[in-house]
Amino acid sequence: MVDFLQALVDGVMLGATYSLLGLGFTLIFGVLRRLNLAFGPTILVGIYAGSHVGLAWPGALWAVVAATVVAAILCGIYVERCSFRALARQAPVVSMISTFAVWMQLQELVSLFEASRTMPYPSPAWLPALTVGPILLRSDALLMWSGATAIMLALFVLLYRTRFGTAVRAVADSSEAAALMGVNVSIIGAAAFLLASTVGGLAGVLIAQSQQQVTPYFGLWATVKGLTAMLLGGAGSLPGAVAGGVILGVVETQTLWHFGGQWRDLASFALLFLVIALSPRARSEPTL
Amino acid sequence: MLAIEGLSKHFGGVQAVHRVDLQVRGNEILGLIGPNGSGKSTIVNVVTGVFPPTEGRVRLRDRDITGWQPHRVLAAGMGRTFQSIRLFGGLTVWQNLWVAQKAKSWLAVDRASMKKIEATLEFCRLRDKKDELARNLGFGEQRRLELARVLAAEPDLLLLDEPAAGMNAAEIEDLRDRILALKQRGKTVVLIEHHMELVMGIAERVAVLNFGVKIAEGPPAAVQDDERVREAYLGHRR
Numbered sequence: 001m002v003d004f005l006q007a008l009v010d011g012v013m014l015g016a017t018y019s020l021l022g023l024g025f026t027l028i029f030g031v032l033r034r035l036n037l038a039f040g041p042t043i044l045v046g047i048y049a050g051s052h053v054g055l056a057w058p059g060a061l062w063a064v065v066a067a068t069v070v071a072a073i074l075c076g077i078y079v080e081r082c083s084f085r086a087l088a089r090q091a092p093v094v095s096m097i098s099t100f101a102v103w104m105q106l107q108e109l110v111s112l113f114e115a116s117r118t119m120p121y122p123s124p125a126w127l128p129a130l131t132v133g134p135i136l137l138r139s140d141a142l143l144m145w146s147g148a149t150a151i152m153l154a155l156f157v158l159l160y161r162t163r164f165g166t167a168v169r170a171v172a173d174s175s176e177a178a179a180l181m182g183v184n185v186s187i188i189g190a191a192a193f194l195l196a197s198t199v200g201g202l203a204g205v206l207i208a209q210s211q212q213q214v215t216p217y218f219g220l221w222a223t224v225k226g227l228t229a230m231l232l233g234g235a236g237s238l239p240g241a242v243a244g245g246v247i248l249g250v251v252e253t254q255t256l257w258h259f260g261g262q263w264r265d266l267a268s269f270a271l272l273f274l275v276i277a278l279s280p281r282a283r284s285e286p287t288l
Numbered sequence: 001m002l003a004i005e006g007l008s009k010h011f012g013g014v015q016a017v018h019r020v021d022l023q024v025r026g027n028e029i030l031g032l033i034g035p036n037g038s039g040k041s042t043i044v045n046v047v048t049g050v051f052p053p054t055e056g057r058v059r060l061r062d063r064d065i066t067g068w069q070p071h072r073v074l075a076a077g078m079g080r081t082f083q084s085i086r087l088f089g090g091l092t093v094w095q096n097l098w099v100a101q102k103a104k105s106w107l108a109v110d111r112a113s114m115k116k117i118e119a120t121l122e123f124c125r126l127r128d129k130k131d132e133l134a135r136n137l138g139f140g141e142q143r144r145l146e147l148a149r150v151l152a153a154e155p156d157l158l159l160l161d162e163p164a165a166g167m168n169a170a171e172i173e174d175l176r177d178r179i180l181a182l183k184q185r186g187k188t189v190v191l192i193e194h195h196m197e198l199v200m201g202i203a204e205r206v207a208v209l210n211f212g213v214k215i216a217e218g219p220p221a222a223v224q225d226d227e228r229v230r231e232a233y234l235g236h237r238r
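Heads up: the protein sequence lines correspond to chains G and L, in order.
Just so we're aligned, residue 1 is where the first sequence starts under the numbering used here, counting upward by one.
Just so we're aligned, residue 1 is where the second sequence starts under the numbering used here, counting upward by one.
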């Protein structure tokens, strides 16, 4: 029972970062109706930038965070210009294939310039671990969960309590009607992209400080986790992406505890397949 | 107020609208009628920036707005409703208006904007529904919300694309009063409608389209007596 509870708590904490990745995917998919497969690699570049800053200025954690987020945002702008704005009149599948090409570009760039391939990422080592009864709450996991929760709350306030957020949701609902009601759909699309990149960069900080290292394959990992969280939550629903991330985290940690690490990804992909196959919601139109 | 000059719109080999000239005067109610497929909605879509014209110009208060994007057309003072309702179903009634209204802030709600939204909801009899999701409203309420939403943007010229479609007699009477009230408030209205009684009852002038071409224009009584209009609606006499 303790093992189950411990895995559940670990899953919820890990799942909070998956939720952030899922929210990033959902923002772009919901507003632009196009998948951004390069979302993970933009975070990868951000984390590598943060890693370099961490090596150059040990202890300057805020500089590491800023470098990670800014680099992720710059990469996000690059993806938006290359694969979305330039191809806005093309079919969505063209944009998606273009984001796959950008993904490969970014991953190869990182591999080319990083001889060691695996880079360290600083972590706030002074944070203490907590124990609640028999449950251990690791400091990095606590930071991951609390940071992700704070970012999600801020994002939900922005999207559900401001006119900007209402316009974003209106565009997701009907971009043609929104344009005819005075909303500049291109600007809202770019803003949603920027917001998603910011959320992705912050998610990258939280994940990398927990793993304390990064490899060029982080991009693939982040894309798969974010896409899975979004699809589990219904493809286009912001609350759904949050729930999808947490479910994914819990399934992974429970599988890890009870069956071993080699089954972890298989279990989450099996769950994803079942949800897509059985739930009409996962195949529905986005409604932020 | 609005000048449509030699407007054509072709979709591939299909001429949806062909060299249409139309003037809309300030503070008038102009009826735009025609059988199904005559090009009425295409004209609305072209002048509001949904499609670029194949040829011709659109001027709003002497400004050439041809090919402008829809949000710029609305900012210039021309708004529209839709033939098939296109509300933001996942937003509340109030939020539907909040998105459309002219407000400086993209974050907070200012007092002036709030008052305007409340007044528009009152005008369209939706005040008690303001916190409901648009998708949960009844059909007549959704039609009123479409009107309220475009009014929130404060356009001077309104293009109402079949606003009476699907309404019952009482709702059409209510719509009629609302359009007349808009005229009293200084708005200009172009009424694209199949409901002849409504159009002929309130329009000061009527323009008739058939197969993408304007075949008649004038006071309602004169248009009703026009032989070409009768042919368009009833077919050729044998």
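Hint data in this document are derived by calculation from the structure and do not stem from the laboratory.
Keep in mind that a hint or two might mislead.
Label-pair restraints from in silico Cβ distances [claimed, not checked]:
no. : chain 1 : residue 1 : chain 2 : residue 2 : range
1   : L       : 63        : G       : 194       : 46 to 52 Å
2   : L       : 26        : G       : 146       : 58 to 64 Å
3   : G       : 81        : L       : 197       : 50 to 56 Å
4   : G       : 153       : L       : 127       : 44 to 50 Å
5   : G       : 279       : L       : 231       : 50 to 56 Å
6   : L       : 57        : G       : 66        : 27 to 33 Å
7   : G       : 101       : L       : 63        : 54 to 60 Å
8   : L       : 51        : G       : 259       : 43 to 49 Å
9   : G       : 187       : L       : 51        : 17 to 23 Å
Glycine included, every Cβ here is placed at the ideal spot set by N, Cα and C.
To see whether the hints hold, each was checked on the structure:
The hinted window of 46 to 52 Å between residue 63/L and residue 194/G is violated, with their beta carbons roughly 32 Å apart. At roughly 59 Å, the beta carbons of residue 26/L and residue 146/G sit within the given window of 58 to 64 Å. About 54 Å separates the C-beta atoms of residue 81/G and residue 197/L, a value consistent with the hinted range of 50 to 56 Å. Between residue 153/G and residue 127/L the C-beta distance comes to about 31 Å, which lies outside the given range of 44 to 50 Å.
Checked against the hint of 50 to 56 Å, the pair residue 279/G and residue 231/L passes, with Cβ atoms roughly 55 Å apart. Take residue 57/L and residue 66/G: their Cβ atoms lie about 51 Å apart, and the range 27 to 33 Å is violated. The beta-carbon spacing between residue 101/G and residue 63/L, approximately 42 Å, falls outside the hinted interval of 54 to 60 Å. Restraint check, residue 51/L to residue 259/G: a C-beta distance of roughly 57 Å breaks the suggested window 43 to 49 Å.
Checked against the hint of 17 to 23 Å, the pair residue 187/G and residue 51/L passes, with Cβ atoms roughly 21 Å apart.
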